[in-house]
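Add chain B to chain V, keeping to what the hints say.
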Amino acid sequence: MVSLTEPFEGLFGNRRRLAVAIIGLLALAVIPFSTTAYVTDLVFTGLVFVVLGVSWNLVAGYAGQVSLGHHAFFGLGAFVSAWLTTPARAGLPEAIQSPALVAVAGGTLAAGLLALVLGPILFRLTGHYFAIGTLAVAAIIQLVLLDQRRFSGGSTGYYVQNNLSEPTVFLLMLAATVGVVLVTYAIVNSRSGLGMRAIHDDEDAASSLGVNPLRYKLLAFAVASAMAGLAGGFYAQFSLYVNPDSTLGVTWMVDTLVVVVLGGMGTMAGPLLGAGLFLTLDTVLRETAGEFATTIEGALIIIFVIFVPGGLYKLITNRSGGDESRETEGEAAAERAE
Amino acid sequence: MVATDLLVQSLLNGLLLGGIYAVAALGLSLVFGIMDIVNLAHGHMLMVGAYVAIVLFTALGLTPIVGMVVAFAVLFVLGMALQRFVLEPVVGEGMEQPIIVLFGLALMLQSIGRIVVGSDAQATDIGIPGEAITIGAATLSFPRVVTFVLSIVLILGTWAFLKYTTTGLAIRATAQNSSAAQYMGIDTDNIYVLTLGIGTGLAGAAGALLSMLFPITPFVGWSYLLKAFAVVVLGGVGSVAGTLVGGLILGVSENVGVLYLGGGFRDIISFSIFVLVLLVRPHGLFGSSGGGE
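Top to bottom, those sequences are chains V and B. So that you can map any letter, position 32 of the first sequence is 32 in the working numbering, and since no number is skipped, the others follow by simple counting. So that you can map any letter, position 272 of the second sequence is 272 in the working numbering, and since no number is skipped, the others follow by simple counting.
One chain only, chain V, in its complex shape (with noise of 0.2 Å):
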């Protein structure tokens, strides 16, 4: 059991596990001087995928609220922080303009204010309802701003500047992404926590002990979104480009689903280790099996959740034995360190 006084010393009281995450962290850092361009934006892909994966599985996995509209908040993210860095094209005042930071900044602060806005709204609905109603929430955001081309640039997309270099963006994503994973694994281990996941098990019985739901989901919704937002912000800095279809797509969504899905709902390894077999899926099956990569990616998930529905997580500590976490976050340092 963690202590729920000091949340991090779980995640740093295994010398040998701190050690592995340091050494993975350096690997990770050097990436965009060591390697080709194709190789960093795989790597910053796979970034992209530990955070939304790990700020999905704080809502879905641990608050148990199956939201669908966690790509919203990653598209608005990036859109803000395109606009910040790049008001004239989207025929913003000049006056605006920032620094791709401050920019990221807006844009995560947007996505998490949006959704302090919308939970309460959001959360009157329970189960089913909420999944389908964050998936219409989100057709929705994405319709309005292909349906605004001065915002969005329509179809075609939006092209950003900013004065960073790519090693710079790509370093500041993987403290962000430390950052999401140390705070998520501080609330996940705080009293938050227990609340979250008390609502998980069994919403009725959480509310008559005295939980307040709707604090907790709303919690866990928000600093979810706000992660996802930094993420968007991050990723529209680093690609320099934004376009509603595919910044704000659905696909994202799935992507998130694939990593979590893979790794193990629910746990704090999972996402880091989805995230890490995606990319090495993904990328493999984009050079094997070309178009059908998508069809394989929306059949493991299926196959998955049948017949692994612990994912990778529970097959690793399953089969190892002993400490689960203790193991698994030093594997999932591993993982992310290839």
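Read the hints as simulated data drawn from the structure, not as lab findings. Since this is a predicted model, take the numbers as computed values, not measurements. There's no promise every hint is true.
To be verified - Chain V residues, not near chain B, derived (Cβ > 10 Å throughout):
#1 Ala29
#2 Ile96
#3 Arg150
#4 Ser192
As the list claims (entries may be wrong) - Selected chain B positions facing chain V (in silico; Cβ < 10 Å):
#5 Asp36
#6 Phe103
#7 Trp222
Glycine residues also receive a C-beta, built at the ideal position from the N, C-alpha and C atoms.
Frame of chain V, contents of chain B only:
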């Protein structure tokens, strides 16, 4: 200001379109009401049904009406297999599992569709000559009238099946209380298999009908899923009559809304109606809280 003629025209076209929306939603509504499963792949199954009709028309020259029957049959079988081999093992594990599985299936259908037929929009042709029908200042195109009539036939057929056949009675009994139905000797597993078959079969038929009016691409799945769900919350889960009313409301709101707001707003209108109704009356405008009729 929009001219009155144009408004009447949109209104009537909306009503005719609403019939298809009702068929598209009926399968989703039955499966949700009877099995408590939201078929996230419903829109993508509709897309598959549309392509069945398109392929039969372009390759063999068969009328879309035959296409509709075949689309129903194909999706009926697919739905039964889906329930038996994919959903049955994960039901009861929690709410997330079926949702995620069906999301994965939707993804598969969309990408297979893109590989098989490409990304270009395609349509069928009604294949039956006919005059436009004039009512006052409004003219109703022949395909729209035919698809509406077929929609009504499908809806009445489903209603009569549930109401007057023994199997229909067993389905309703299972929806009301599955364990009691089991004690009465009903094989509820088979009932669920059949229900999903009917639900997805109706999605296929709706797709075939839509292919007569609108171009279809492999990417229309999500849009039609949300439209169908909008009809379900408008009409109340599991209610056949409610679904018809919900479909008509959605068809009219979309068509009249587009008149004032522009074509880019078609989907925004229906999704917004959906979210609004969901928030005001989570069990639908005409729905009770339970499943069944």
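Given Phe103 (chain B) as an interface hint, is the shortest Cβ-Cβ distance to chain V below 10 Å?
Status holds, d = 6 Å.
Trp222 (chain B) as an interface hint toward chain V, with CB separation required under 10 Å
With a minimum Cβ separation of about 6 Å from chain V (threshold 10 Å), the hint on Trp222 (chain B) holds.
Was Ile96 (chain V) rightly flagged as not at the interface, with every chain B Cβ beyond 10 Å?
holds (26 Å)
Can we trust that Ala29 (chain V) is non-interface, i.e. its beta-carbon lies farther than 10 Å from all of chain B?
The assertion about Ala29 (chain V) holds, with a minimum of 34 Å to chain B.
Does Asp36 (chain B) pass the interface check with chain V, least Cβ-Cβ distance below 10 Å?
holds (8 Å)
Status of Arg150 (chain V), Cβ more than 10 Å from any chain B Cβ
holds (13 Å)
Checking a non-interface call: every C-beta of chain B should be farther than 10 Å from the C-beta of Ser192 (chain V). Is that right?
holds (21 Å)
Hint check: no violations occur; every hint is consistent with the structure.
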